[in-house]
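Chains A and B, in that order, give the protein sequences. So the number in the numbering used here is just where the residue sits in the first sequence, counting from 1, plus 70. So the number in the numbering used here is just where the residue sits in the second sequence, counting from 1, plus 70.
Some clues are possibly wrong.
Note: identical chains are not told apart, hence a pair may lie in one copy or across any two.
Unchecked claim - No farther apart than 25 angstroms at their CA atoms in a straight line, the calculated lysine to any residue pairs in the SDA-like style are these: (1) 119 to 406; (2) 407 to 373; (3) 407 to 196; (4) 183 to 114; (5) 119 to 352; (6) 119 to 146; (7) 119 to 373; (8) 407 to 359; (9) 119 to 359; (10) 183 to 361; (11) 119 to 281; (12) 407 to 146; (13) 407 to 229; (14) 407 to 124.
Think of the hints as simulated: they come from the structure by calculation, not from any bench.
Chain by chain, the residues run as shown.
2 protein chains.
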Amino acid sequence: MLNNTSNSFSFTVKACDPVTAARAATLSTPHGEIETPIFMPVGTQATVKALTPTQLEELGAQIVLANTYHLYLRPGSDLVEQAGGLQRFMGWEHSILTDSGGFQIFSLADTLKVDDEGVSFSSIIDGSHHRWRPEDTMRIQNELGSDIIMQLDQCPPWPSSRDAVTQAVARSASWARRCRVAQQNPQQALFGIVQGGTFLDLRLESIERLLDIETSDDTGAFEGFGIGGYSVGEPHAVMLETLGEVACALPADRPRYLMGVGNPTTLVRAIALGVDMFDCVLPTRIARTGTVFSSEGRLNLRNARFTRDFGPLDSACHCPTCTQFTRAYLRHLVMSKEILAAVLLSQHNLFYLLDLMRRARHAVLQGRYGSFLADWESSPASHDF
Amino acid sequence: MLNNTSNSFSFTVKACDPVTAARAATLSTPHGEIETPIFMPVGTQATVKALTPTQLEELGAQIVLANTYHLYLRPGSDLVEQAGGLQRFMGWEHSILTDSGGFQIFSLADTLKVDDEGVSFSSIIDGSHHRWRPEDTMRIQNELGSDIIMQLDQCPPWPSSRDAVTQAVARSASWARRCRVAQQNPQQALFGIVQGGTFLDLRLESIERLLDIETSDDTGAFEGFGIGGYSVGEPHAVMLETLGEVACALPADRPRYLMGVGNPTTLVRAIALGVDMFDCVLPTRIARTGTVFSSEGRLNLRNARFTRDFGPLDSACHCPTCTQFTRAYLRHLVMSKEILAAVLLSQHNLFYLLDLMRRARHAVLQGRYGSFLADWESSPASHDF
């Protein structure tokens, strides 16, 4: 049994599927145990949009993600620190992961300059200028007080030239080293991030560079690994060509987190390839447009066929929305632009993914993830990716 | 002890305050008992904006109001009937009151024609033309299946000439008679509505006409009375000049419902004058702009002084928002335009009024509403009206 314990964190693999690379593990943080595979709802501005922490608990969420870039700009990481950290600030007593902010800087900034030392960018809120070195995002995430923090990395868009991706791999590795040196807070786990785009050799080089840091420096190991740079616009099949080899090239004794992926089918497939953790705004974002995951595939409640449909949203689902409300009522809320539509549909979509992860874990523990995957692929729900 | 039982409804006065006209009663409907004085959250489109039925229950809501005009236009009262009625449609198992739709027709319609037979108006959604006679709103509210339904009335704006108000009183009385004749569903209580603007003699004439219908016709009594035509723009003090005499001129054995009033101080004062029921969009509407009721008076969280205020919204309040979140966090949600701001502030504002009603009732039951009122008038919260 694989077991990695570092400071206040541990990762214990409970079972490996005999047919696929799927695994079930327990990740411990200072704020509780997380059973993997796990989906992490995204709470960009220290709130998972439309839901209370109590509702998130009732859905079975075990860890949420918050965005360092947004919280740094508003309300400010110093204010969050003064509030006693993110958990106390947002009233969520369980684990929290923060990203480095790098992804938002690269994708949202109007003005952006990146060099080997760091990034300069202007605020989307007030246009003010900011300069982040790798050490700055460590300090900011330290102020936020999350359990798991991410290194600053450079995520190239798709498609990018091999040269551009090579440079991003080198720069991300250099920043990983500086983050690992800077981050010495025993209450926070630091994840290194694999880049390399769709080039398998660059992906493997990226992993090698991260592992080099662990062995050559005296600063300790990474407590886990993010797999970044996927789901940035490339076709679904292109990601799957390399993801399996990338995941399995990462140390088996630490969690593997596929960043920014949230459609059900990719989750099911990525678990088979050895991935443990996921996050994405997809479930809550599509909920706000009236769209839901379901065992029949994705549904948009604006469709007139739901007008007098007095059945549940998804008859296979046991979430609070599906057990209390009809499609006709939910469609009425969507058409009336009612806030409650966002609440109830976000609730359903998050439960859908969280429950999918629970069932996936159960299948791994029973050694039947291969048939779980096969069942999924032959179901109408598999069209959702 | 006053007791009025009609069909599936009863109204039992439990206590009358010795000093004021305040009273504590129990109103029974087919969906439960309501302890008065009571505030009814408004669920315009079959949803109290931003809140789930479960959250409403946790706040202690006993009855909600839904708007006939809006539900008639979307999703249609026939659809609500097909869903099994409003309760089943919106997942709220307790009592529901619907208004007649008249107030929205008069205030929202682009094109409006009113005559003694009824009103013609065009839809705010698609411009389609509609004609309602008093019998139509009875039929529509019957399809909606609410517990308490309101007569069609004509509510003149403020200021209106004595002639205009006289005509509205006569027309409302004529429509009251027709509604009383048309409404014979034993599962629904019909409330007549008092009009008369700020003219006390017209108010008393309006009441006399309603009571005439009960004695001269063979159609049964009104199960309660709405006091309409106040809070339509007149100064607060002007309403209070006549409200007490109006309330006490109504039969003591039936509930008195002051329509469209929701600020805490007016509620406290109106209870002293003998009013039992209230509704208003105010608590949820101001919540969506970042404004809350509090024991310190009304607060707007956009104010910069709350930026680093890590205390509760209202230290005197026990609602889920005040016990779990700080002013700094709530302000952050407001400034970030997060949906959760609307949820948490609506929750607080409704709890604030519901709890105020519970405390008012308790004071009446203990025979000390006079001192309850005096305490309120000397508190900072009394500035809120």
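Hints and how they fare:
For the identical chains of this complex, residue 119 and residue 406 are neighbours both inside a copy (19 angstroms) and across copies (11 angstroms), given an alpha-carbon limit of 25 angstroms. Taking CA atoms no more than 25 angstroms apart as the test, residue 407 paired with residue 373 passes inside one copy only; the shortest distance there is 15 angstroms, against 28 angstroms between copies. When the C-alpha separation of residue 407 and residue 196 is checked against a cutoff of 25 angstroms, the pair qualifies only between copies, where the shortest distance is 16 angstroms, while the shortest distance within a copy is 29 angstroms. Taking the shortest alpha-carbon separations for residue 183 and residue 114, only the intra-copy value of 24 angstroms comes in at or below 25 angstroms, while the best inter-copy value is 50 angstroms.
Proximity of residue 119 to residue 352 under the C-alpha cut-off of 25 angstroms is found in both arrangements, the shortest distances being 12 angstroms within a copy and 24 angstroms between copies. Proximity of residue 119 and residue 146 under a CA criterion of 25 angstroms is satisfied intra-copy only: 19 angstroms inside one chain copy versus 30 angstroms between copies. Taking CA atoms no more than 25 angstroms apart as the test, residue 119 paired with residue 373 passes in both settings, with 24 angstroms inside one copy and 23 angstroms between copies. For a Cα distance limit of 25 angstroms, the shortest separation of residue 407 from residue 359 qualifies both inside one copy, at 9 angstroms, and across copies, at 17 angstroms.
Taking the closest pair of Cα atoms, residue 119 and residue 359 come within 25 angstroms of each other both inside a single copy (13 angstroms) and across two copies (17 angstroms). Taking the closest pair of Cα atoms, residue 183 and residue 361 never come within 25 angstroms of each other, the shortest separation being 37 angstroms inside a single copy and 41 angstroms across copies. In this assembly of identical chains, residue 119 and residue 281 lie within 25 angstroms of each other by CA distance neither inside one copy nor across copies; the values are 36 angstroms within and 52 angstroms between. For a Cα distance limit of 25 angstroms, the shortest separation of residue 407 from residue 146 across copies, 16 angstroms, qualifies, whereas the shortest one inside one copy, 32 angstroms, does not.
Taking the closest pair of Cα atoms, residue 407 and residue 229 never come within 25 angstroms of each other, the shortest separation being 37 angstroms inside a single copy and 34 angstroms across copies. In this assembly of identical chains, the alpha carbons of residue 407 and residue 124 lie at most 25 angstroms apart whether taken from the same copy (24 angstroms) or from different copies (20 angstroms).
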